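*Asks:* Sequence:
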Amino acid sequence: MGAQGFLKGAALHRVELDVRVADLNYGNHLGNDSVLAYFHQGRVALLEGLGWSELDVGGAGLIMRSSEVDYRAQALLFDKLQLDIGVAMSARARCRFEYRLARPRDRVLIATGITSMAFFDYGRQRAARPPAQFVNRIDQLNRV
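Counting with my numbering, you get residues 119 to 262 for the letters of the sequence shown.
Simulated from the structure, these hints should not be mistaken for laboratory data.
Every value quoted in this text rests on a predicted model; they were computed, and no experiment measured them.
Hints are supplied without guarantee of correctness; some may be wrong.
Restraint ranges, calculated between C-beta atoms of paired labels, are given here [as the list claims (entries may be wrong)]:
| hint | residue 1 | residue 2 | range |
| --- | --- | --- | --- |
| 1 | D224 | N146 | 16 to 24 Å |
| 2 | Q258 | N143 | 33 to 41 Å |
| 3 | D188 | E166 | 25 to 33 Å |
| 4 | D188 | D239 | 28 to 36 Å |
| 5 | N146 | R223 | 16 to 24 Å |
| 6 | L259 | S184 | 21 to 29 Å |
Glycine included, each C-beta is placed from N, C-alpha and C at the ideal position.
Generate the whole structure from the sequences, applying the supplied hints.
*Replies:* Structure, rendered in structure tokens:
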């Protein structure tokens, strides 16, 4: 399943990012590891804006099950980027964070991605049920 075609609705959160020297790879463009770090930064910012953290989204934490990135174009040093983030509930006590990374100056899509997250009880070190508070809030935000 490709990461393109996601974020069909409006993003729930937007983060502005500047490409730094530390974000570059040997090709002198934004490295794949930095794209995933940007996704993580955006996910944490979205959760913080809702009063949560990855350790507690209303009674359970989140743990990553998988990540997928489609790279579309290069981003270079000092580029100003915009990361849009959405969340969708999926089957079996999981949710998907969806990302679109673009350069607004010339409207170039840099990358899209998905991280599949499971709900997790860090105290007991085992899977947890999706907290109703999280499910209801995400459903409410996605209907707006």
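*Asks:* Now tell me if each hint is right for this structure.
*Replies:* Checked hints:
no. : hint                    : result
1   : D224 x N146: 16 to 24 Å : holds (19 Å)
2   : Q258 x N143: 33 to 41 Å : holds (40 Å)
3   : D188 x E166: 25 to 33 Å : holds (26 Å)
4   : D188 x D239: 28 to 36 Å : holds (32 Å)
5   : N146 x R223: 16 to 24 Å : holds (19 Å)
6   : L259 x S184: 21 to 29 Å : holds (23 Å)
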